[in-house]
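Enquirer: Heads up: the protein sequence lines correspond to chains A and B, in order.
Numbering follows the numbering used here, with no gaps: position 36 of the first sequence is 36.
The number in the numbering used here is simply the position in the second sequence, starting from 1, with 1000 added.
Calculated from the structure, these hints are not laboratory results.
Be careful, since some hints might not be right.
[Claimed, not checked] DEER-style ranges, computed between Cβ atoms:
1. V1022/B with M461/A: 29 to 37 Å
2. F25/A with A1190/B: 57 to 65 Å
3. G1115/B with F25/A: 55 to 63 Å
In this text, a Cβ means the ideal position worked out from N, Cα and C, and glycines have one as well.
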Amino acid sequence: MSKVVGIDLGTTNSLVAYVKDGAPFVIRDKSGDGLVPSIVSAAPDGTVYVGREAQRRLLTDPRRTVYSVKRFMGKGIDDVQGDAKLLPFQVSGEPGGVVRIGLGDREFTPPEVSAFVLRELKRRAEEHFAEQGEFDNEVDRAVITVPAYFNDAQRTATRDAGRIAGLEVLRIINEPTAASLAYGLDKKNQGVIAVYDFGGGTFDISILRVEDGVFQVLSTNGDTHLGGDDIDLLIVERILADLASPTPQHTLPEGFSAQHTPESIQEIRKAVIQAKWDLSELDETDLLGVRLTRAAFEAMIRPVIDRTLAPCRQALTDASLQASDVEEVVLVGGSTRMPLVRRLVGELFGRTPHSELNPDEVVALGAALQADILVTGNREMLLLDVTPLSLGIETMGGVVSKIILRNSTIPATGSEMFTTGVDNQTAVDIHVLQGERELVGDNRSLARFRLRGIPPMPAGMPRVQVQFQIDANGILSVTASELRTNVEQTIEVKPSYGLTDDQVEQMLIDSFEHAEADFAARMLIEARNEAESVIIATEKTLRSPEFPSIAAEELTEAEQTRITQALAGLKHVIKSDSRDSIIQWTTVLNEATKHLAEVAMNRSVRAALTGKNVDTV
Amino acid sequence: MTSQTHTHLLQECRTCGGGAPVDVHFCPSCTKILTIGRQGDYFSFLGLPRKLNLDVAAVEQQFRVLSRQFHPDYFYNATPTERRASLERSSYLNDAYRTLKQPASRVAYLLDVEGVLKPADHEAGKLAPASLLEEVFALNEELDEVRDMRNGGAPDAEWRARLAAAAAPIEAKRAEHEAQLGELSNQWDALPPGDQAARTAVLGALRERVLERNYINNLLATIERETTGVGGPQL
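Only chain B is shown next, with the shape it has when bound in the complex:
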């Protein structure tokens, strides 16, 4: 790395050895594409604010502009260092675009870069949140009965209707959560910079809603599987 006096220079150019600020894609000294060493995050990489309501058309536009700058097609005749940099930077761009394009993965990513998600949260989709225990118990009983009905030779329409009825309150719950997530997203975007207490509060609330929403989605997927026939997801 560069010397202590250049602490704002966070990446090193593998071509000329010069330094460059993080989230600059091409070396300010020699203009060559930079390999990805230490980077900021998906938001800053795409030149976007760390917000939850993003203009999707603008994200797509920026994605196309950067693709035209980084894509390996344009580095075929370049040095191995530049070719590697092009591959890394294109991959990172594609990953960033894919993540930020969809609201669901965008909020999950925000929680991740803000350090709010714990490693155990990635497994949390399998544990029922306390606030949903009542619904989960009711659903499990209902599913058992539906399976008995089906095994007992009940007409399709009959047990399907039971499943649809079981799904209705959970779908309502999901709509409720989506609305809350939308409200919290607006709050997050409107926070004044530097209000650390408010940030922590909003992030904590977002985390709760996201984990619950993920769990609700898993429940609905279970019902869907029961409806379309037992077994894995069908193509």
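The following block holds chain A by itself, in its conformation from the complex:
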């Protein structure tokens, strides 16, 4: 039976986990590293690198390396202008369409870039299962986590990424909820818990009630644009400003210019991240030649951390609870390693937060547990999550009428009655939005569709009921029927910032074709390299001072002709894209020069010997 894994697809790092004998564990590489950096890099020869290797290439070839792509999932170009500022890679797109990211010489949508990371995790898991001697090591299904505060477009984009990577996404679950599942396993908690999840790019707070093994989310809030990245960026910008001043305090390593080149920005970013890590353990550190104390660092980043507190208070209000009602606080995400975060969260809830489980791994462990529940039907635990944002439709005057309120337990339904404005009207346009604001323009546009096939009737007579269904993934679907005639309506939903099913299918096919093309490109390059070295060696021999005498004394006329012809032949085909011809002519030249090489070798050995005193031999 093929395997089902849990995947934490993070802004900075991704992980894959699996449940064996009831216990979840993270699948690691041979060096014990469970994290796959969510970084993708394309070499000029077309080879794509993912993870640690791509992370190294971020310093050597930043223009061809992509990171933090999670921030672009389900977004349009207008949403991400601010983000694209200091990134080394190209971000583009048509207004109102999906973002496109330049990776090497090609352009990809964010789900396609994420699919590279997912394929790497899939490969890692399959390798692990093969090593374990599993009968079937294929990994074709997964539970993937998303920030609780992700909207419909971002969830759909994540599911699309899975499909493009060849994974059936059994379930999209929320990261804080997954973490609570991993924590709850040992403790069998009862009561109210708060999960504070502060990662590389996103922040979530979820308040849960755990009872009888049911993990019921009461409320969730957050910011899908708030994480460790923002702290790094804040300090990188300060250093860049300092370097541009007449008397800079910071110094860059040898070979880096103080200009805003992608290379120098990545070098600064690396130093900033290292300093941030240091200051979680130490009271002071060095940042590019400047002494930085933890107190000074905390003063700098305090405004960013403070932005996480308002969502916490809102979540408590929405759950009709006081901070003191929360019995346990769980910390998730790498950014919760910062002492300042622990202190402020502790103060807010009036208790010391839990951090027993590795904050980088706990979400993946929870995802693996959920995957296990789905395939085994194990009923010990049940996750009941909520939709983070209200769902509504546009009504007269550009006002949003809410149909499903935020923090409703999912799956959930809502319905709205529509009618026509003019006689014999047979279609109605519907605009679906997500968000808490009153006006259409302040909310997220999810989809526009046209309700067709309404029977011709006087204006106001048709009664079209549109049913909205949010499934257990937090993803929306729409159905409709005209109640007077019982006619089912045709609905074409065009996602505002997403991909159609056909596009996703095409990307899946493309990824196979490109996987072959990538492989073929690498094979061709290897054949060329081999041919090149044979040509160079041959030409070197032909040009050597000894060659005329060798040719005269040892080689037949036919042998000499064959060498000349073979060399010319290989030099001709090496420019072609035919790997077979290159290999064939390389063999021909090798054969033709075999005798010459032997003779040349013997002569040089003999020359070496005769040139020396016999005694020293």
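Put chain B on the given structure of chain A with help from the hints.
Expert: Just chain B, lined up with the frame of chain A:
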């Protein structure tokens, strides 16, 4: 549907074609989860009496028990019919729980299933009930003056105090209505079955109080918006 002789069978099992009483969740013949066709109401779905004073802990307990029976997590390997049924039944359960958990939405739902609310009532929050006209006029004048004060540069504390003073009588009115709603709720729960005249009377009184209370809440929300600054609700 099933034949005339089985009128008590209100739902049909899509799996085996057998019939089942309304508000049974699993087919008595084949044990499979039933799709939601015709159902009773939120009260009967949760196995609760149609009353206004409910034991919230019991409602939550029942919600968890039924969630464990219906949730899509447990139907991943089931047939498409069962998966659809699980999605529908879970959604209906969640909607029912959300509605009955809070007293305010519970009473509104009761009026709805009893057929007392008219379609126009859903818009009624925008029309001032006759009994509140006096308060509404007074408040509107007060709000106009407060806006003038603010525009004229009066200190924050001053116009805020005016708003608080304006809100006080309306809050008292709300407390009064809540008490009346509590009393009417007790009456409703104590009604002997079959006394149709008494039911109609209590429901009518409940409807009046609910519509007025909704309107009062809108007034208080308006004052709140004036206090926290003009504009939409703030997050």
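Enquirer: For each hint, tell me whether it holds in the structure or not.
Expert: Okay, the hints, checked on the actual structure:
Checked against the hint of 29 to 37 Å, the C-beta distance between V1022/B and M461/A comes to roughly 31 Å, which is consistent with it. The supplied range of 57 to 65 Å is met by F25/A and A1190/B, whose beta-carbon atoms lie about 59 Å from each other. For the pair G1115/B and F25/A, the beta carbons lie near 57 Å from each other, so the given range of 55 to 63 Å is met.
This entry satisfies every hint, going by the numbered hints stated previously.
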